[in-house]
Amino acid sequence: MIETYNISKSYGEVKALDQISLQVGKGELFGLIGPDGAGKTTLFRILVSLLLPDKGTAKMGGFDVVKDFRKVRDLIGYMPGRFSLYSDLSVEENLKFFATVFGTTIEENYDLIRDIYSQIEPFKKRLAGRLSGGMKQKLALSCALIHKPEILVLDEPTTGVDAVSRKEFWEMLKNLQTKRITIIVSTPYMDEAGLCDRVALIQKGKFMALDTPLGIVNSFKYRLLAINASNRYRLLQDLREWNNTDSAFGFGQDFHVTFKNDRFEKEELFRYLSEKGHTDIRIEEIDPGIEDVFMKLMGTPDKPQKADL
Amino acid sequence: MSTKVIEVQNLVKRFGNFVANDHLNFDVYEGEIFGFLGANGAGKTTAIRILCGLSSPTSGHAMVAGFNVKNQPERVKKNIGYMSQKFSLYEDLTISENIRFYSGIYGISRADRIERERQLLRNLELEAERDKLISSLPLGWKQKLAFSIAIFHKPRIVFLDEPTGGVDPVTRRKFWELIYEAVHNGITVFVTTHYMDEAEYCDRVSIMTEGKIAALDTPAGLKQQFDTDTMDGVFLKIARPDK
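Heads up: the protein sequence lines correspond to chains D and A, in order.
Mind the numbering: the first sequence is residues 1 to 309 in our numbering, read in order.
Mind the numbering: the second sequence is residues 310 to 552 in our numbering, read in order.
Only chain D is shown next, with the shape it has when bound in the complex (with noise of 0.2 Å):
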């Protein structure tokens, strides 16, 4: 349902999207991981046929964004990631004027945004501008659904929206799921990349990698170590300056680290700790999760790069 090949775009000197391929089956859930910067906006936007690649094509359902842009439109939802709802209109009149724009009417398509839109029904009269941001998301999505697109683009639906209200949209977005959506969405949370069918890692306009959550966990081949001790802060210098350390760095509690040399005693590391006057340490050999996979793979960058400057 999305395809895209060797897409490239840059804005003067930056290189937003370097060579970005990409084929997203009918009914999948595929995410889009990385931090602001990394491109994610700009692939969407060329998804959705509002900007223009420099170099490259893509299709959506089989349309081509730029010869066939008025299909491409029809075909899909569209949420940005700035809130892009009238302010000054109430939540039902915001529905009613996508609806109306799309040709249709909120009772013809009711039944796709029932359990979304039910929930803020009963503040259907007050101003968008008014609502708190979990409801404005919900808001967003259903205008996005009220045409019945095949196919919804969504970019950072869940940025500054609390955990909780997080989980509920990714509970909405699974139940999209069912009804054979195809979804593309994007996200800084590393954390929402297990909720995904597949996700791209992406980091300066580039896939770091492209897979199944799994798949992306399988790909890291290192030995991780998480590490705990009384004093945090000390800990953390500390195991920065072991001479076998490659990285070090917090995971709630703990600390994950890597390292230059695999091939050592746990109990090495427990010596030297204890001889730095730690503790109450702990070391467990652990599996990663896709943000440890995420941060291996891109380095670890001290000083901004002249490049970046």
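Careful: at least some of the hints might be erroneous.
Here are the simulated SDA-like pairs of lysine to any residue, each with C-alpha atoms no more than 20 Å apart in a straight line [to be verified]:
{"#": "1", "chain 1": "A", "residue 1": "K483", "chain 2": "D", "residue 2": "Y189"}
{"#": "2", "chain 1": "D", "residue 1": "K167", "chain 2": "D", "residue 2": "E28"}
{"#": "3", "chain 1": "A", "residue 1": "K451", "chain 2": "D", "residue 2": "V14"}
To spell it out: a stretch of chain D is covered by chain A in this simulated footprint if at least three of its residues, at any positions, have a beta carbon under 8 Å from a beta carbon of chain A; those stretches are [stated by the list, open to error]:
{"#": "4", "region": "28 to 39"}
{"#": "5", "region": "126 to 136"}
{"#": "6", "region": "231 to 241"}
{"#": "7", "region": "289 to 295"}
Everything labelled a hint here was simulated from the structure, so no lab data went into it.
In this text, all values refer to a predicted model and were calculated from it rather than measured experimentally.
Glycine included, C-beta positions come from ideal geometry on N, C-alpha and C.
The hints should help you fit chain A onto chain D, whose structure is shown.
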């Protein structure tokens, strides 16, 4: 950890019939990282605005850095630092110009400014970039710089409102290392975040729902109290008790 940097007693803020903050009670101690969590619309922003001297409480009492937010809001503002993802630095000024601007606002003497600026740039390894526009810096660097400038006037406490939204996972962690370093140097940190792993980095965490503080403890204490392994689990149980 005995000196209180923030004291909040029965703090209430109403907007018409709506009670945004409903009798808040908590203290923040010198040198701690205090996580201020809650669902969207729970009343966090209202409370932060009051604690920063930008909004006056309807009733109740709050002292920040030794000053009363109701009677001495200007003194409060002078003695705190503030940074958020939305408001940080002026994009069309250079690093050095931003520092000069903030120094002017906080009344830092020229000699002090020059010395502290040199230190700051050395710490962040940005000496060569001091005359570059903020708009030309990568996002992660803007945020590190914004934090360093928010504590440039050596406040007793700094408020960080979702400081790490949208940045890559490595930069996000490096940012927290700066926070640790500041705490190590005696600054108290009051921080909001939607990343639950970051809640684990705090000494104590409060979680607001519907204008009230529903829980307040160390991350370990909260996990024990709510019988779950992660802060995510704690948050879920508090914010949606029916599930």
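If you check each hint against the structure, which ones fail? Per hint list: zero violations.
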